[in-house]
Amino acid sequence: MIGNLRSDPVRTISQWQDKRFLWVFMAVLSLFMVILAHSVFQIWLYMRPCEQCVYIRLAFFAMAFGGIVAAINPSNPGLKIVGYLCAIWGSFKGVLYSIKLNKIHHAAHSDDLFGVQGCSPEPTFPFHLPLDKWSPEWFKPTGDCGYDNPIIPDGVQLSSMQKAITDFYADGWYLWPPAHFGNMAQCTVITFGVILLFLVVAAACWVVTLVCKRQAATQDASSTCPGRLA
Amino acid sequence: MFRFVKIIVKSFALVALLAGTSFAFTEGTDYVKLAKPIPNAQGTLIKVFSYDCPFCYKYDKKITPNLVPKLPGDLKFRPFHLKTKGKYGVQGSELFAVLLLKDQKAGLSDRDLYTEKSLLKKAKMAYYTAYHDKKERWDAGPDAYLKTGLDAVGMTKAEFDKAKNDPQVKALLKEWDASYDVAKVQGVPGFVVNGKYLIMTKSITSIDGMVKLINELKTK
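Chains as they are written, first to last, in this note's numbering: chain W, 227 to 456; chain G, 33 to 252.
In isolation and in its complexed conformation, chain W is listed as follows (with noise of 0.2 Å):
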């Protein structure tokens, strides 16, 4: 496969997103993101979403969205145009949701506080969604921007697990919380722009792909495709 890759990498890509692997990939590791992020730090280690937060949430939905409907038959243009763009969309959102949340993420955590503006009390979602009121659960922001410290309501009994990670926590969410590497925002821009780039490349290769086939096709063998020059 590898080898594949170095000989004729654009067709290679191209056949790789005529399967459905990477589309179902895709779909579950934004889902599982999201799951994550609502289950586990939401629910149950009380980490508040902030506007920002929710707004990566429905990234991630679209992306899933676009991989789902995709991967329901990657060989059929129309589906797969779909999950593309619901994709492309989802990720690229995703991108600038996460850079503007480490902008505020690192005016809160210093004196520096010029540049950013403050979180809105209500979140507008693209074409106006109301998410928040159809999902409060999920998309209705309880937290302040730029903190993601867990915050444990009176009278709440922890198990000593829930206690060892609220307590690792205690800062907010890090990748490596005891040293501060890492902050949610900078995670999820490595995600989204990894993702991003993979589908960029994914669907260009598959448009020249196409295009080739269509020369070909006319122009019988005379056609230029890359990684037939040799």
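Bear in mind the hints are in silico, worked out from the structure with no lab data behind them.
Fair warning: there could be bad hints in the mix.
Taking lysine-lysine and the DSSO-like style, the derived pairs with C-alpha atoms no more than 30 Å apart in a straight line are [as the list claims (entries may be wrong)]:
1) G:119 with W:359
2) W:329 with G:94
3) G:65 with W:329
Since the structure of chain W is already known, use the hints to place chain G on it.
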């Protein structure tokens, strides 16, 4: 050919000159015009804030106390608390309104609201530290919330209950209801000049720059 170059250079110079003077601030990036202006707010700088907002806390610690003394003399500083944010936004507004009027009755001017004499400041800071530093959420209910502020200024619950029914307090709270439409635009804190122009906090790069912008908007 040479004349052509001269014309271009001249026009560039003109653009640069204009950019340096009249176009110093732009609507849409530095400030926005409120669709629904705040009534009776000519000659004021209104600051919309909420106890439940980390940036308000940061602004109240680092920026607003340094900004208020630099404001032009004919501009009155007025704090507005937003009642729709935070679980106890309504109770917070009531207490802050009572304390602001008490401050005014004690002879404090709008410029004194960031001095140690101000009861409003004492209560506000008590809420900020409890909520943001100690992560207090007052799950026991509104009375627990009120206690934090009342203790900070040494007021009893009975005194507060009596004071909050004062018609002046009610009138002030009614004025503060305008906060919601301001906060909706870009969140809190929100600074509004003459009830009409909302400063985009994102474009503020220094306190002096903010004063400059306020001065420009004031005369608009």
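Is residue 65 of chain G close enough to residue 329 of chain W, meaning Cα to Cα at most 30 Å? holds, 26 Å
Tell me if the straight-line CA distance from residue 329 of chain W to residue 94 of chain G falls inside 30 Å. Holds: residue 329 of chain W and residue 94 of chain G sit about 18 Å apart, inside 30 Å.
Starting from residue 119 of chain G, check that the Cα of residue 359 of chain W is at most 30 Å away, please. holds, 17 Å
Hint check: no violations occur; every hint is consistent with the structure.
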